[in-house]
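Residue numbers (the UniProt record's numbering), protein chains in the order written: chain A, 1 to 249; chain B, 1 to 249; chain C, 1 to 300; chain D, 1 to 300.
Since the hints were made in silico from the structure, they are not lab data. Since the model is a prediction, treat every value here as computed from it, not as a measurement. We put the CB at the ideal spot given by N, CA and C, even for glycine. Please note that a few of the clues may not be correct.
[Unchecked claim] Derived CB-CB ranges, DEER-like:
id : chain 1 : residue 1 : chain 2 : residue 2 : range
1  : A       : GLY230    : D       : ILE154    : 27 to 37 Å
2  : B       : HIS165    : D       : GLU246    : 27 to 37 Å
3  : C       : ASN233    : A       : LYS168    : 50 to 60 Å
4  : C       : MET135    : D       : LYS131    : 29 to 39 Å
5  : A       : GLY80     : B       : VAL16     : 40 to 50 Å
6  : C       : TYR86     : D       : GLU146    : 50 to 60 Å
7  : D       : GLU293    : B       : LYS168    : 28 to 38 Å
8  : B       : ASP142    : D       : LYS292    : 34 to 44 Å
9  : B       : LYS227    : C       : TYR86     : 45 to 55 Å
10 : A       : GLY68     : C       : GLY35     : 47 to 57 Å
11 : A       : LEU66     : C       : ASN233    : 39 to 49 Å
12 : B       : ILE3      : C       : SER5      : 46 to 56 Å
13 : C       : ASP197    : B       : LYS100    : 24 to 34 Å
14 : D       : GLY134    : B       : GLU7      : 25 to 35 Å
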Amino acid sequence: MSINYYETKVLENSEVTNGIYKLVIEEKNSVKPGQFYMILPKTAVLGRPISVCKTENDTVTFCYALIGKGTKEFANMKKGDTIKVFGPLGNGFDVENIIKENKKIAVVGGGIGTAPMIKTAEDLKNADNSCYIHSFFGFRDDVYLEEEIKTYSDEYSCATNTGSHGHKGFVTDLLNPEEFDIVLCCGPEIMMQKVVNMCKESGTKVLISMEKHMACGVGACLVCTCKTKGGNKRTCKDGPVFDGYEVEF
Amino acid sequence: MSINYYETKVLENSEVTNGIYKLVIEEKNSVKPGQFYMILPKTAVLGRPISVCKTENDTVTFCYALIGKGTKEFANMKKGDTIKVFGPLGNGFDVENIIKENKKIAVVGGGIGTAPMIKTAEDLKNADNSCYIHSFFGFRDDVYLEEEIKTYSDEYSCATNTGSHGHKGFVTDLLNPEEFDIVLCCGPEIMMQKVVNMCKESGTKVLISMEKHMACGVGACLVCTCKTKGGNKRTCKDGPVFDGYEVEF
Amino acid sequence: MMSVSINGVDFKNPIIAASGTFGFGHEYSEFYDVGMLGGICSKGLTIEPKEGNSGIRVFETPSGMMNSVGLQNPGVRKFIENELPYMKTLGTNVIANIGGASIEDYEKAVMLINETDVQMIELNISCPNVKSGGMAFGIKSDVAKEVVSKIKAISKKSLMVKLSPNAENIVDMAYKCVEAGADSLSLINTVQGMAIDVRNRKPVFENTFAGLSGPAVKPIALRMVYQVCKEVNVPVVGLGGITCGEDVIEFMMAGATAVQIGTANFMNPLAGKNIVMETEEFLKKNGVKDVKEIIGAAQR
Amino acid sequence: MMSVSINGVDFKNPIIAASGTFGFGHEYSEFYDVGMLGGICSKGLTIEPKEGNSGIRVFETPSGMMNSVGLQNPGVRKFIENELPYMKTLGTNVIANIGGASIEDYEKAVMLINETDVQMIELNISCPNVKSGGMAFGIKSDVAKEVVSKIKAISKKSLMVKLSPNAENIVDMAYKCVEAGADSLSLINTVQGMAIDVRNRKPVFENTFAGLSGPAVKPIALRMVYQVCKEVNVPVVGLGGITCGEDVIEFMMAGATAVQIGTANFMNPLAGKNIVMETEEFLKKNGVKDVKEIIGAAQR
Ligand SMILES: Cc1cc2nc3c(=O)[nH]c(=O)nc-3n(C[C@H](O)[C@H](O)[C@H](O)COP(=O)(O)OP(=O)(O)OC[C@H]3O[C@@H](n4cnc5c(N)ncnc54)[C@H](O)[C@@H]3O)c2cc1C
Ligand SMILES: Cc1cc2nc3c(=O)[nH]c(=O)nc-3n(C[C@H](O)[C@H](O)[C@H](O)COP(=O)(O)OP(=O)(O)OC[C@H]3O[C@@H](n4cnc5c(N)ncnc54)[C@H](O)[C@@H]3O)c2cc1C
Ligand SMILES: Cc1cc2nc3c(=O)[nH]c(=O)nc-3n(C[C@H](O)[C@H](O)[C@H](O)COP(=O)(O)O)c2cc1C
Ligand SMILES: Cc1cc2nc3c(=O)[nH]c(=O)nc-3n(C[C@H](O)[C@H](O)[C@H](O)COP(=O)(O)O)c2cc1C
Ligand code: FES
Ligand code: FES
Numbered sequence: 001m002s003i004n005y006y007e008t009k010v011l012e013n014s015e016v017t018n019g020i021y022k023l024v025i026e027e028k029n030s031v032k033p034g035q036f037y038m039i040l041p042k043t044a045v046l047g048r049p050i051s052v053c054k055t056e057n058d059t060v061t062f063c064y065a066l067i068g069k070g071t072k073e074f075a076n077m078k079k080g081d082t083i084k085v086f087g088p089l090g091n092g093f094d095v096e097n098i099i100k101e102n103k104k105i106a107v108v109g110g111g112i113g114t115a116p117m118i119k120t121a122e123d124l125k126n127a128d129n130s131c132y133i134h135s136f137f138g139f140r141d142d143v144y145l146e147e148e149i150k151t152y153s154d155e156y157s158c159a160t161n162t163g164s165h166g167h168k169g170f171v172t173d174l175l176n177p178e179e180f181d182i183v184l185c186c187g188p189e190i191m192m193q194k195v196v197n198m199c200k201e202s203g204t205k206v207l208i209s210m211e212k213h214m215a216c217g218v219g220a221c222l223v224c225t226c227k228t229k230g231g232n233k234r235t236c237k238d239g240p241v242f243d244g245y246e247v248e249f
Numbered sequence: 001m002s003i004n005y006y007e008t009k010v011l012e013n014s015e016v017t018n019g020i021y022k023l024v025i026e027e028k029n030s031v032k033p034g035q036f037y038m039i040l041p042k043t044a045v046l047g048r049p050i051s052v053c054k055t056e057n058d059t060v061t062f063c064y065a066l067i068g069k070g071t072k073e074f075a076n077m078k079k080g081d082t083i084k085v086f087g088p089l090g091n092g093f094d095v096e097n098i099i100k101e102n103k104k105i106a107v108v109g110g111g112i113g114t115a116p117m118i119k120t121a122e123d124l125k126n127a128d129n130s131c132y133i134h135s136f137f138g139f140r141d142d143v144y145l146e147e148e149i150k151t152y153s154d155e156y157s158c159a160t161n162t163g164s165h166g167h168k169g170f171v172t173d174l175l176n177p178e179e180f181d182i183v184l185c186c187g188p189e190i191m192m193q194k195v196v197n198m199c200k201e202s203g204t205k206v207l208i209s210m211e212k213h214m215a216c217g218v219g220a221c222l223v224c225t226c227k228t229k230g231g232n233k234r235t236c237k238d239g240p241v242f243d244g245y246e247v248e249f
Numbered sequence: 001m002m003s004v005s006i007n008g009v010d011f012k013n014p015i016i017a018a019s020g021t022f023g024f025g026h027e028y029s030e031f032y033d034v035g036m037l038g039g040i041c042s043k044g045l046t047i048e049p050k051e052g053n054s055g056i057r058v059f060e061t062p063s064g065m066m067n068s069v070g071l072q073n074p075g076v077r078k079f080i081e082n083e084l085p086y087m088k089t090l091g092t093n094v095i096a097n098i099g100g101a102s103i104e105d106y107e108k109a110v111m112l113i114n115e116t117d118v119q120m121i122e123l124n125i126s127c128p129n130v131k132s133g134g135m136a137f138g139i140k141s142d143v144a145k146e147v148v149s150k151i152k153a154i155s156k157k158s159l160m161v162k163l164s165p166n167a168e169n170i171v172d173m174a175y176k177c178v179e180a181g182a183d184s185l186s187l188i189n190t191v192q193g194m195a196i197d198v199r200n201r202k203p204v205f206e207n208t209f210a211g212l213s214g215p216a217v218k219p220i221a222l223r224m225v226y227q228v229c230k231e232v233n234v235p236v237v238g239l240g241g242i243t244c245g246e247d248v249i250e251f252m253m254a255g256a257t258a259v260q261i262g263t264a265n266f267m268n269p270l271a272g273k274n275i276v277m278e279t280e281e282f283l284k285k286n287g288v289k290d291v292k293e294i295i296g297a298a299q300r
Numbered sequence: 001m002m003s004v005s006i007n008g009v010d011f012k013n014p015i016i017a018a019s020g021t022f023g024f025g026h027e028y029s030e031f032y033d034v035g036m037l038g039g040i041c042s043k044g045l046t047i048e049p050k051e052g053n054s055g056i057r058v059f060e061t062p063s064g065m066m067n068s069v070g071l072q073n074p075g076v077r078k079f080i081e082n083e084l085p086y087m088k089t090l091g092t093n094v095i096a097n098i099g100g101a102s103i104e105d106y107e108k109a110v111m112l113i114n115e116t117d118v119q120m121i122e123l124n125i126s127c128p129n130v131k132s133g134g135m136a137f138g139i140k141s142d143v144a145k146e147v148v149s150k151i152k153a154i155s156k157k158s159l160m161v162k163l164s165p166n167a168e169n170i171v172d173m174a175y176k177c178v179e180a181g182a183d184s185l186s187l188i189n190t191v192q193g194m195a196i197d198v199r200n201r202k203p204v205f206e207n208t209f210a211g212l213s214g215p216a217v218k219p220i221a222l223r224m225v226y227q228v229c230k231e232v233n234v235p236v237v238g239l240g241g242i243t244c245g246e247d248v249i250e251f252m253m254a255g256a257t258a259v260q261i262g263t264a265n266f267m268n269p270l271a272g273k274n275i276v277m278e279t280e281e282f283l284k285k286n287g288v289k290d291v292k293e294i295i296g297a298a299q300r
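Next up, chain A with everything else stripped away, as it sits in the complex (with noise of 0.2 Å):
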């Protein structure tokens, strides 16, 4: 491995709805889903984690929620300005081994977690177009990379907190693990533990992408473990995707 914190161009930066923004990078590294960069802010001392939503023709997409001081330097950030990126980091989604055994796919995603399950979805097809995909985002209230995931998706439902688009409640209600053969899924912790939890009850497989704070990215400084059955874990390193049933919540 080569990579290393290197300055790269911004080739789009636009926010998509209410706080949710699209970045353009160049980028040459090939990716796989669930994989994540980290960006660093020019005013910060520790990268942002940053899942890729998209790879397309030597550049990378992200999709990021306007959170705190990075995400807001972020924002701010015109074509043209450059960015400091390192990446791709962590195991990602294992997408040949997935559809070696799994037909029956669910891809559930929730707020911001929704970003790296387009590119999940997308390297699934592409990987063998005859797997059926069925897709469940979940927002708080505005929706965003709908036209995206269906795309990748043979279904898709959607559940919003406030009704504004499709079920009024949480994506959990609408699906059923039971109908599938794997669930991969990218959310809120609360979510995540729904979902396994479900699955658990139906015996269904479930692959989740974990969401810590970290530090060095690498696996090097412990700040981001996650506790599973298996012991401590490195979520930067040895996930951010783990066994649902392996995970303590």
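Model the placement of chains B, C and D with the ligands on the given structure of chain A, informed by the hints.
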């Protein structure tokens, strides 16, 4: 005064010679020669005091040397970027009074201390075109701002340490204070001390623009103290222009 | 909604300008109505005028700065004569910050301040104590205790003691100062630091060491305020690296009754004003009716 | 030109990876040949494996970060079995960083390390001392002295004691540790700080406090290194916020024989490599033939 740090636009930022940059910003405040702005790097806590070199059509031009962290950040700015500035600050040269009492004026600049002397000469000429200005600029090796100062000088002399341009040696070798009613000077402290001593010998009036590290820029913190015969003065507020006879080097 | 009270002195809001960063209020009055602040601490005053340190006096550090002003000030008498009358017109509480190199210095200064109408004395015990070889009064609790009890005995003003983060044990220091009669405490003063000029192979500051302040020290300041508030039952004024409304809220949730703004004034001359407004906004947004409700909210 | 020696252990250069920021060397080996470093301090090791703290473990601060990892580690035995063999292949000095909650813990760990071929032990005395109510060993000099002398008595390795900046008196602490037998000292460990989550009205960290590191603390670290180097006559390893070659030079001019790089590794995975190169470049540019020449150059 309603000035305060605010974001303005960079209209030009270019290297004029090795390590010397010209920065033009959008700015409407009227400025006296010798006054300065605090320019705040994005990654810094304290503003960098930089003298005004020129004002024109709602723009202000600075000329700065690449020194450390802050000026390095400035050097990377491009046209269209925004920058936080705060000014004009300080007393500046009192052109009206100077011109009223003096007809033969020496304008002496050393290194980047030449920057404020451009506007000083210009404003003197604008106030009374009949005054006689002889400018003496000293540099280490590369010369800059020569065309600008010539425009406002009746005579111009140059010295470089290396002898690459003009007299090989110090600018003080060229200056004879006796020939002038007043000497106006900005440059390294050691040079200003020399100039003041020469002026004392010949009984010539001399105003110098002091350089001290600053924090508040407005007279509140007392980190920029300049010792004078009349006690401690604040370089940012009571200066940076002081009567050379008053300063205790 | 924003008013607090420290030992009988009412503050229209809990935001006070920190000593040494706000002169005597003149300069920032050119930028906004400083009467909107809860109070202003004067530049540190000594009984005799002081020239301050020579050499470089300021140095930027990552997210902070070091200063070595050395208590340059006109002396208490000139303060009373030339500065106080103006400060009293500003419409906010005036706190006289007092320094000294010996207990007698402190005593003389306080006697003079007693006769004025400042609202409060802030006793800066970070000054080097000439009698104990230059180590600051604020390092060892027992030394601090002595000066505080002597001053308490003569002070006619509400007495706030300003603690140094360089104290050997900040909690014990706070405890002893309160025992000695401090009506309230403020903390932190600057953290001792240094820098070296690698080209000259010498310390940057003539005094070798200097005082670190600004956002860099905020986590340390907040920790100390939290620890002290847990231990003492007098009002505590928190400071160290505050630059925005949320920082104020943090310090108050840690237990502070009010806060002071220092270095932030240099980063933005309107800092005081902005911070008052941001703090108020935070309360409104979060449905807090009275700022006093959040004092100590994060203590556990 | 770059080699230094600490108590008989030779370092090819004075740049060492700091404990807890470099794992056991695996991860950064993916980015560069970590054998080019002077040494690597292992993650802090305890006699029994530790799970570490729950809750959030890291929080960014202005120019710094706080961590609350809580010494998560596989235990000394697993270290010797699984990690040390790999570390020994890296071609640089291996320093075993040892923590403990009691003197017995430390002793047991050191006995096991004695039988390995690590070059040095770094004794981390910032750990909470269960027997004294959780206050760290590194706060009071006398408590530190006891643990250091007990460990010195049994250690077959060169013993470096890592000091905490939270010590009541860093100079006295250093002095007592050397008196107790420390062969060298390293400082500083993290500075105790805290943060409050204003939305939840609670401390960010489950343990309330956490350890501050990074550029924000550099002025404090440098000051302490300077003070300690003036006082003791054993080699001192300086750390705290070093991010570039000039920072290394500053610490060495303050008196350090070597330095450690911690948080900087997170800011740039190639930090160790870059800093070695920058330091070498500085020496060349400034005509310094041997890095040892600059050690203590700014002491006066
Ligand atoms: C593996 C992984 C993938 C992620 N992918 C995405 C994504 O695709 N899009 C997106 O919008 N967000 C994503 N996040 C969350 C994102 O990292 C945070 O929202 C972001 O770091 C917030 O930074 P800030 O400076 O704006 O917030 P601040 O609160 O100012 O950040 C302060 C510190 O806390 C950390 N932090 C704060 N919130 C989080 C969080 N939820 N997770 C991790 N660290 C946090 C920051 O990195 C920083 O170090 C991901 C997180 C992880 C761990
Ligand atoms: C009234 C005044 C007018 C000035 N006008 C000009 C000008 O027109 N052009 C120009 O190139 N320079 C000018 N200077 C000097 C300029 O302020 C410094 O070169 C600049 O601040 C260096 O910043 P830095 O971050 O690159 O250097 P660093 O060394 O990284 O700065 C660290 C800190 O030291 C301060 N500092 C360092 N050198 C100086 C210095 N010589 N004077 C004051 N502060 C310093 C910085 O402001 C900063 O706070 C002026 C200084 C003063 C006081
Ligand atoms: C330039 C400067 C001068 C100071 N002078 C004094 C002083 O005279 N008396 C005092 O008690 N504190 C003084 N301080 C300390 C501040 O009041 C404050 O305690 C410290 O800077 C921490 O707060 P901050 O991080 O908000 O600046 C000074 C600080 C600075 C930066
Ligand atoms: C995430 C993290 C974990 C740490 N773990 C240890 C440890 O196990 N043992 C130890 O002695 N120091 C530990 N430290 C302290 C560092 O070794 C170092 O002393 C401190 O971070 C200051 O240096 P820096 O500013 O270069 O990071 C840790 C620091 C960090 C940031
Ligand atoms: S972020 Fe350092 S181990 Fe994961
Ligand atoms: S910079 Fe604050 S008084 Fe001049």
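Right, here's what the structure says about each hint:
Checked against the given bound of 27 to 37 Å, the beta carbons of GLY230/A and ILE154/D, roughly 35 Å apart, stay inside it. Checked against the hint of 27 to 37 Å, the pair HIS165/B and GLU246/D passes, with Cβ atoms roughly 33 Å apart. Our hint of 50 to 60 Å for ASN233/C and LYS168/A holds, since their Cβ atoms are close to 51 Å apart. MET135/C and LYS131/D have their C-beta atoms about 31 Å apart, which keeps the hinted 29 to 39 Å range intact.
Between GLY80/A and VAL16/B the CB atoms are about 24 Å apart, so this pair departs from the stated range of 40 to 50 Å. The given range of 50 to 60 Å is respected by TYR86/C and GLU146/D, whose C-beta atoms sit roughly 58 Å from each other. Remark: the range hint 28 to 38 Å for GLU293/D to LYS168/B is upheld by a beta-carbon distance near 35 Å. In this structure, ASP142/B and LYS292/D meet the distance hint of 34 to 44 Å, their C-beta atoms being roughly 38 Å apart.
The beta-carbon spacing between LYS227/B and TYR86/C, approximately 25 Å, falls outside the hinted interval of 45 to 55 Å. A hinted range of 47 to 57 Å is violated for the C-beta pair GLY68/A and GLY35/C, which are about 33 Å apart. With their beta carbons about 42 Å apart, LEU66/A and ASN233/C fall inside the hinted range of 39 to 49 Å. Taking the beta carbon of each, ILE3/B and SER5/C are about 36 Å apart, not inside 46 to 56 Å as hinted.
Between ASP197/C and LYS100/B the beta carbons are some 44 Å apart, a value that contradicts the proposed interval 24 to 34 Å. Between GLY134/D and GLU7/B, the C-beta spacing of about 48 Å breaks the proposed range 25 to 35 Å.
Hint compliance for this structure: hints 5, 9, 10, 12, 13 and 14 are not met, and every other hint is.
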